[in-house]
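Chemist: Model the full assembly from the supplied sequences, consistent with the hints where possible.
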Amino acid sequence: MGVRPSLYEELRNQGVSRRGFLKFCGYMSSVLTLPVGSAEVIAQALASKPRPSVIWLSVQECTGCSESLLRSFEPTLESLILDSISLDYHHVLQAAAGAAAEAARDRAIEQNWGKYFLIVDGSIPGKDAGARSTTGGKAGLSLVRNAAQGAAVIASVGTCAAFGGIGAAAPNPSGAFGAADALGDLVAAGKVTAPIVNIPGCPPVPEVITGLVTYYLTYGSIPALDDLRRPKIFFGKTVHDNCTRLPFFERQQFARSFDDEGARKGWCLKDLGCKGPLTFNACTTIKWNQGTSFPMYSGHGCLGCAQPSFWDRPGGFYTKPF
Amino acid sequence: MARIVVDPVTRIEGHLRIEAETDASGFITRASSSGTMMRGIELILNGRDPRDAWAFTQRFCGVCTVVHSIASVRAVEFALGYEIPPNAQLIRNIMIATQFVHDHVVHFYHLHALDWVDVMSAASADPGATSRLQRSLSPWTNNSTDYFATVRDRLRRFVDGGQLGIFTNGYWGHPEYKLPPEVNLLAFAHYLEALAWQREVVKIHAIFGGRNPHPNFVVGGAPCTISEGEQVTAVSAASLKQVGVIIEKMRDFVDHVYLPDTLAIASYYKDWSKVGEGTGNFLCYGDLPRGTDTFNSSTLLFPRGAILDRDLSKVLPVDLEDPAQVQEFVSHSWYDYSVGKHKPLHPYDGETRPNYTGPQPPYEHLDVDRSYSWIKSPRWRGKPMEVGPLARMLLLYATGDRKARELIDSSLKRLDLPIEGLFSTLGRVASRTLETKILADALADMHSALLRNIAAGDRATFDDSLFDPSTWPPQARGAGFMEAPRGALAHWVAIEKGKIANYQAVVPSTWNAGPRDARGQDGPYEAALRGHRLADATRPLEILRTIHSFDPCLACAVHVIDPGGRELVEVKVL
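Chains as they are written, first to last, in the UniProt record's numbering: chain W, 1 to 322; chain Z, 1 to 574.
No lab work stands behind these hints, which were simulated from the structure alone. Please read all numbers here as calculations on a predicted model, not as lab measurements. Just so you know, not all the hints are guaranteed correct.
What the hints assert, rightly or not - Some chain Z residues near chain W, calculated using beta-carbon distances under 10 Å:
id : residue
1  : Val-9
2  : Val-119
3  : Pro-359
Quick reminder that beta carbons are idealized off the backbone N, C-alpha and C, glycines included.
Modeler: Spelled out as structure tokens, the structure:
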């Protein structure tokens, strides 16, 4: 294999100007709320590396997290996979199937041992010796445990991979758990040394998924995490803190029904069950679908989908949180 | 004789395994379809608030992100006799149709195309030839030689860089790839364009539902209040205008890219109009009500009905509540029934008891003479039925829908194929494109109707009269139907004292991907693969083509109750 052109060289060859490239880097640094001057750092980092290998393993997934990845505007999926990363295994997107797909995954793991970025989506079932989720006849549990041992970073994308999610909702029929729990003994034994980052959300905000990848490409490390392993830059505030309905909450003006007078005036949805004050995520800062909206702006309360055990919160989705 | 295993079947939603047996000449003599993942969401629903169910069922699948929510709220509304306001019906219809158009385009370009398009061959294309081809196909404006040269050169640098990423180990150069390089380049350019396009399209879901994937819904209407005066919530005069702009964008892409690409690519693969038929039986529940009574099937844009043995002269009536019609078998699935493993149950009486009898992973082969899937085998009056775009287009054709007939007839004429050509892998692909065209056109009408209603002073999006569970009867049950992009979908819910007493979903990929039944009848995937000849058994491209033509969605298909599921299992250290 010859010397690969740097990312910036590739982009330049594709007609992307240095100004355009810096604009993208500037956007990323604002999404990541990084210090002044970071855009230049991101630009240098992205421009000077061959594309790192990314391996995406899906276990008990609904594919909502992959769909969310497809919705990222900055950076886009196409720029990521063509210019910034080498997405060597992703069973929704990859061309290869069957044995050829498994071979691609196994070779990427072998060639990049210790260096690849591992993404897991979906919860991981323990029941029936892992037979509740298999790929190529192998248990998802063993695939994740094997791949985790050679990863540089492990990202559990989505509330299922982070905390068990819907698969682990009571009564947890398949004995499902999140990736960090599935790897606990390997971490304790020193066999998994990569940091485990949780990117919860059902699904996560697209730019939070790609933002973590960009951060890692830039700095070669992961951002600071909170005690639930969530990056503080994305999960440091509740969605309530930036909600358009917050002023009405402060004035104690609450919609009592969907489509009542208060709802039409944009009043707070707490009485309709909104879990925004309890939910840490970037929905109201980055927003969804290029800033188009977020759940409360479109009239429905927050389900609390980035929080552990949100499916089992007493009272369900239409009971006020406090 | 050989056994060929494709696992993972990639470029689908979820976990699907195909085991195919071939004879000495390479023909498939028997195929077995296995869903290899289960979660048990229906059990998780038991005892919960029926108004919450839409959020749980939505997580059956993040690709079909709208459909399981709508089927769920409809099931509850059916049980309660709960009618929704006209605006809510229109908003739901717009969201459903948007889901179809988005989903079908993404399926075609990002999931299915690589079975027909050799991306590596595109790197050697003459961009001038691709430009001339594009100009001959449609007035789409990305058509210059420079444009295609830029795309080709980008691909070349990517390939020359030595890291193929998601294109690693594709069956590139397989003798079954028939497109010339300039067509491959055209398709690759549109692969990239469609990635950008799909991000825009789903903004409609974000406006009405707050986000995509997984927008929000509510029993009794739509949660998105229409802003009064200035824009204080997402739905306002400005955003409703934006919806219209996006609908035009969808239509433009469907008319000028997707539809012409489908016909252009199909013209190189006409042999596939004789391969991959399946069962010859087709089922539709129908969808897109043109009135506020969702459950009056006479108003549906997609009609309800069944077609048996290719007979388009007879459309048989379908009743979701009749215990003799929709039934599920578990003879070859990893479940037991209290009535015995070989007797079927209607979803209202549905029970599911997992009993994994397959091999311990890691395994080489499944025992396909016994149980081999987490998917059940639904049957309609005892027959395996194909659901999805082909079923819907045949129903429209059989019921004399003028527009569908024109589209089908003109497309077949362009390809010089008889009507029987529809009963095939190619027919399934073409039907998906044609119904996208029908829906992209219908969206404009739905949008106008919504604007008219609002202009006439009707702003209601939600009816709160039955939202409070204390207003409900002590017992109720209902069937909520849908046409999902992948086919007929229904949820059956039983409510007791305000809580879910039983919940069953029979979804499109259960119909299509299910295993053999008690009588040994193949499921549609299995039937469709019989008789395929594999040019190269180590690179079974032909299997992917036919399976992808159904657009599999496996997480939806497996959704079972597990009465003994409370124990947690210790992680075995490997």
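Chemist: So, for every hint listed, does it hold in this structure?
Modeler: For each hint, the structure was consulted:
Against a cut-off of 10 Å between C-beta atoms, the interface hint on Val-9/Z holds, since the closest Cβ of chain W lies about 6 Å away. At its closest, the beta carbon of Val-119/Z sits 7 Å from a beta carbon of chain W; the interface hint therefore holds under the 10 Å criterion. Hint status for Pro-359/Z relative to chain W: holds, with the closest Cβ pair at about 8 Å, below 10 Å.
Hint check: no violations occur; every hint is consistent with the structure.
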